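2 protein chains.
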Amino acid sequence: MKITLCQLNYIVGNIEGNALKIIEHIQQAKSEKSDLIVFSELAICGYPPYDLLFNSSFVQQSIGAIKEIANHCVGIAAVVGGVDFNYGDGKSLYNAAYVLNNGKIQHVYRKALLPTYDVFDEARYFEPSYEPLIFTHKGKRIAITICEDLWLPQIDIHPAPGKPKYQYDLISSNNALTPDFVINIAASPFSVFQHSYRYELLNKVFEQFNCPLVYVNQIGSNTDLIFDGGSVVYNKKGEKYFLPFFQESHSTIDLDTISAKGDVFQQTASLYEALILGIQDYFIKNNFKKAVLGLSGGIDSAVVAVLAAHALGNENVHCLLMPSRFSSQHSIDDAVELCKRNNLSYHIIPIEQPFRSFEQSLSSVFEGKENDVTEENIQARVRAIYLMAYSNKFGNILLNTSNKSEMAVGYGTLYGDMCGAISVLGDVYKTQVYQLAHFLNTQNELIPIHIIQKPPSAELRPNQKDSDSLPEYDLLDNLLYHIIEMQLTIPDLINMGFSEDVVKKVYRLVQNNEYKRYQAPPVLRVSSKAFGYGRRIPLVKKF
Amino acid sequence: MKITLCQLNYIVGNIEGNALKIIEHIQQAKSEKSDLIVFSELAICGYPPYDLLFNSSFVQQSIGAIKEIANHCVGIAAVVGGVDFNYGDGKSLYNAAYVLNNGKIQHVYRKALLPTYDVFDEARYFEPSYEPLIFTHKGKRIAITICEDLWLPQIDIHPAPGKPKYQYDLISSNNALTPDFVINIAASPFSVFQHSYRYELLNKVFEQFNCPLVYVNQIGSNTDLIFDGGSVVYNKKGEKYFLPFFQESHSTIDLDTISAKGDVFQQTASLYEALILGIQDYFIKNNFKKAVLGLSGGIDSAVVAVLAAHALGNENVHCLLMPSRFSSQHSIDDAVELCKRNNLSYHIIPIEQPFRSFEQSLSSVFEGKENDVTEENIQARVRAIYLMAYSNKFGNILLNTSNKSEMAVGYGTLYGDMCGAISVLGDVYKTQVYQLAHFLNTQNELIPIHIIQKPPSAELRPNQKDSDSLPEYDLLDNLLYHIIEMQLTIPDLINMGFSEDVVKKVYRLVQNNEYKRYQAPPVLRVSSKAFGYGRRIPLVKKF
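Heads up: the sequence lines are chains R and G, in that order.
Just so we're aligned: the first sequence equals residues 18 to 560 in our numbering.
Just so we're aligned: the second sequence equals residues 18 to 560 in our numbering.
Simulated from the structure, these hints should not be mistaken for lab results.
Check each hint, because a few of them may be wrong.
It does not matter which identical chain is used: a pair holds within one copy or between any two.
Claimed, not checked - Dumping the calculated EDC-like pairs for lysine to aspartate or glutamate here, alpha-carbon to alpha-carbon at most 20 angstroms:
1. K50 x E148
2. K253 x E387
3. K559 x E462
4. K410 x E332
5. K84 x E387
6. K50 x D485
7. K253 x E85
8. K221 x D173
9. K306 x D271
This one's a predicted model, so the numbers in the text were calculated from it and none came from an experiment.
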């Protein structure tokens with residue numbers, strides 16, 4: 018049987034556009050004499066649609082589009098993800114996989130396991146259904162499953178915190194019905210580890226089914242969630258034929274004769290690709306073209322600048338260098354050098370004049386008070402005014418350059434360096450930022466080595482260094498990883514060997530800075546636990 | 018039977034403190050010879066705990082505290098809301114009501130209906146259980162229910178969008194077991210209409226049970242969610258004995274002899290009380306004392322100033338008046354007059370100097386470009402720098418003064434007037450702000466009448482008025498209510514009689530400004546659909 022895997026990039030809510038795209042690929046697959054074409058989960062509306070699902074026009078249009086697509090399914094069958102009405106008790110919708118054939122909807126499979134943890138809110142919208150679907154096409158018995166349906170606790174060795182022990186086992190239900198092969202349509206977001214977890218899990222799924230498996234994931238980034246694709250066919254021997262990661266792909270294969278085609282996975286490279294896709298799609302899907310960012314001469318903004326240049330084209334990235342009285346000459350020189358090496362346009366706008374006017378006009382109000390974090394924050398906020406003014410005047414979108422380590426401990430100024438439309442590195446720890454910098458320098462020294470080698474500093478007061486008030490980043494990031502991703506408790510962390518003082522200090526910093534992150538830009542998610550929708554901590558609390 | 022209703026204000030996560038408070042009230046009830054004391058839903062950890070529930074220390078401490086409280090339940094029984102482990106399939110926790118008696122946990126009821134819509138995410142944390150609990154105490158058969166358990170679709174005539182048609186009917190299950198009376202422990206947040214919906218619903222619940230009903234809700238505000246209390250006893254005749262709204266209450270009543278005690282509900286008064294509680298608890302629970310806000314001379318900041326003075330004491334509210342070259346003299350005069358009438362301290366800090374220094378330093382960068390929204394935003398952001406500088410230097414917490422109408426249409430400057438720790442009016446439409454202003458002026462003209470009567474203006478360019486670019490607020494707010502709270506679609510709205518042009522323009526403004534609201538402060542929720550956790554719209558979308 019010839020099967021076409023369609024790993025496509027959908028725009029959330031763009032039902033008409035997504036449907037047209039799906040129809041084009043059906044036409045192409047017909048010309049390739051394909052028997053069956055498979056699209057990803059909720060392809061018709063893009064994943065995640067969130068509360069657009071409460072809009073009745075949205076749902077009606079989604080279902081109407083499925084019927085329109087069905088008209089094109091003559092001589093070929095298609096599996097398309099969409100929503101379906103539930104007229105019975107429970108939530109009013111199902112997360113469905115439509116089997117289209119002979120110009121009509123032939124079958125509807127409805128998702129059983131609805132992820133409701135981390136970034137997933139599926140129980141908010143959908144009712145589960147516990148009826149397996151096996152349909153026959155061209156003499157083959159084909160089982161349909163949707164994403165989480167396969168992530169059974171007994172085979173998922175890295176369950177996300179909050180993930181339930183699902184009682185329903187669709188794999189066994191399907192096995193009892195002896196399928197010839199199994200399809201899974203997915204919307205499985207990227208994270209640095211998810212990547213390997215996913216294929217570990219699918220290997221086990223294959224073992225349990227012991228028949229070919231066709232897995233189709235979406236690609237593309239939707240605000241904060243990045244989908245890497247990585248669709249794969251397991252042939253009957255369990256050999257894996259991978260579609261490419263981080264790009265659209267239309268692949269027509271013969272399930273009987275297909276052999277292995279590997280994926281090349283390297284952690285930092287995939288992190289790089291994920292961030293590039295995240296930046297690109299934020300701009301493309303919003304019809305934005307140009308970016309602006311503040312270049313401090315430090316490593317975070319340098320890495321964001323180079324990523325942005327790769328994602329958007331260097332001609333579309335503008336940098337503002339905004340030295341203060343505390344900026345070292347090397348910071349300015351390093352930032353200028355970075356712009357030159359990467360062909361980025363820039364302006365140098367010293368912040369002294371507005372900073373001084375704030376100091377002067379506040380001098381009577383602040384009389385008798387020492388300088389403190391107030392004056393540091395004024396500098397960061399003056400820079401934000403310049404960046405947003407540039408953005409407003411020229412339409413360049415401001416990229417935020419905060420990293421995950423500093424967002425975690427609140428080492429950043431709200432309405433200052435925490436500004437931006439999208440946070441590029443907000444889910445990338447400082448130690449990973451260094452890895453990215455080295456990765457970006459593999460071929461050419463795009464980031465002047467001095468930027469990488471000098472000790473990190475916010476340069477908001479004389480001779481300031483990050484290490485004055487924070488543990489070294491190797492230690493800090495390791496601890497933060499165990500607090501945020503692994504969700505360990507203070508006793509757990511002390512038992513692991515972290516010093517009690519450091520644990521308590523860092524834990525308190527993380528807890529006390531929820532209020533800053535609440536107002537932070539959306540963060541491109543590249544870990545199993547990013548700041549944002551997937552992490553919901555009360556702001557007012559005692560714990 | 019003597020029953021004590023405990024309508025208390027808990028701090029989320031303050032397990033030790035909440036437990037101590039519960040124990041104190043148990044002691045008091047014992048001294049009153051009460052037979053049974055009832056606390057609200059998740060009393061032990063406060064509602065909503067959100068992802069603190071994924072922290073194993075948090076759960077263990079919560080369960081440990083219940084055992085500690087049980088030690089005090091000798092000679093009195095208690096019903097206390099808390100979490101319980103689920104060792105079976107599904108989510109690892111239950112939302113439980115513990116029946117404590119004779120020094121131990123005697124029964125555990127586990128919530129059946131888990132709200133997972135709007136601000137509620139209970140399916141993220143809890144497994145439902147469909148076993149009714151009726152226990153016998155002092156010869157009475159007592160049924161236990163938790164909040165949503167009673168909100169059955171067949172009797173809820175105002176279901177929230179996204180609310181499912183629950184298939185399980187605990188009322189019938191309990192009725193079959195013939196209870197003598199029914200207890201409901203709740204964490205039911207305030208909204209202007211929720212207030213009447215709640216008692217409409219409880220009236221119907223009473224009809225169905227046809228036996229006394231004891232309803233205990235929490236009070237207090239947790240970040241954005243305000244709980245109004247309003248606990249009530251329905252005696253066997255269905256007469257209602259209300260506990261007070263918006264304050265803690267410990268009421269020991271005799272279920273056999275209790276007669277009616279009414280509540281006095283007035284919509285604007287309750288809105289006022291809700292906002293006062295929202296401000297107070299944000300400060301008290303965070304150990305903050307003083308507030309700062311920017312006074313423009315307009316109605317929004319005037320109302321926030323007076324509310325803050327009432328909530329925190331006028332000595333704890335400081336105002337900054339920051340006139341620009343576009344500010345009218347009457348704006349400054351009105352703002353000064355407001356401060357005088359309400360005994361608020363203030364500084365006048367003209368923004369001309371820093372504004373001009375931004376203009377000058379950007380003149381070469383912006384050469385050949387016309388003035389536009391950029392310069393308006395710079396003014397708003399300069400003011401934000403002053404406000405945050407004052408906040409940083411003196412520890413006063415910045416109150417945001419944006420109203421719901423302007424947040425809805427994006428009529429505000431991100432990192433400018435959208436700054437603040439908490440948004441006081443972000444769920445209050447402009448027309449409601451006027452109602453609040455008149456309400457505040459009932460006894461004395463706290464808000465100079467000129468502030469209420471003049472046409473609204475942002476004063477960011479010469480002779481600017483809100484009505485230059487927006488429909489009149491009566492029309493706008495009515496339309497926004499139907500878009501946001503009622504979640505109607507464009508065709509629905511046109512069918513209602515709104516003009517197509519206005520509908521399309523306003524709908525697009527609402528959709529296109531999600532990105533601003535994403536970075537807005539938490540908003541005190543006083544409607545059935547506030548901006549924030551309860552409304553999850555993708556930022557990148559086409560719909």
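When no copy is named, should K50 and E148 be tagged within, between, both, or neither for a Cα gap of at most 20 angstroms?
-> Answer is neither; intra-copy 31 angstroms and inter-copy 55 angstroms both fail.
First find the shortest C-alpha distance between K410 and E332 inside one copy, then the shortest across copies, and answer within, between, both or neither for a cut-off of 20 angstroms.
-> Cα proximity of K410 and E332: one copy only (17 angstroms, versus 41 angstroms across).
Given identical chains, is K50 near D485, meaning Cα to Cα at most 20 angstroms, within a copy, between copies, both, or neither?
-> For K50 and D485, the Cα distance exceeds 20 angstroms both inside one copy (66 angstroms) and across copies (60 angstroms).
How do K221 and D173 come out at 20 angstroms by Cα distance, when the copy is not named: within, between, both, or neither?
-> Answer is within; shortest intra-copy Cα gap is 9 angstroms, inter-copy 46 angstroms.
Between the shortest in-copy and the shortest cross-copy C-alpha distance, which are at most 20 angstroms for K253 and E387: within, between, both, or neither?
-> neither (73 angstroms within a copy, 67 angstroms between copies)
Within, between, both or neither, where K559 and E462 count as close if Cα-Cα is 20 angstroms or less = Neither, since 48 angstroms and 39 angstroms both go past 20 angstroms.
Quick one: K306 to D271, C-alpha cut-off 20 angstroms, is that within a copy, between copies, both, or neither?
-> neither (40 angstroms within a copy, 70 angstroms between copies)
State whether the alpha carbon distance between K253 and E85 is at most 20 angstroms within one copy, between copies, both, or neither.
-> This pair counts as neither: shortest intra-copy Cα distance 34 angstroms, inter-copy 59 angstroms.
How do K84 and E387 come out at 20 angstroms by Cα distance, when the copy is not named: within, between, both, or neither?
-> Classified as neither: same-chain Cα gap 69 angstroms, cross-chain 50 angstroms, threshold 20 angstroms.
The structure is inconsistent with the numbered hints 1, 2, 3, 5, 6, 7, 9, although it conforms to all the rest.
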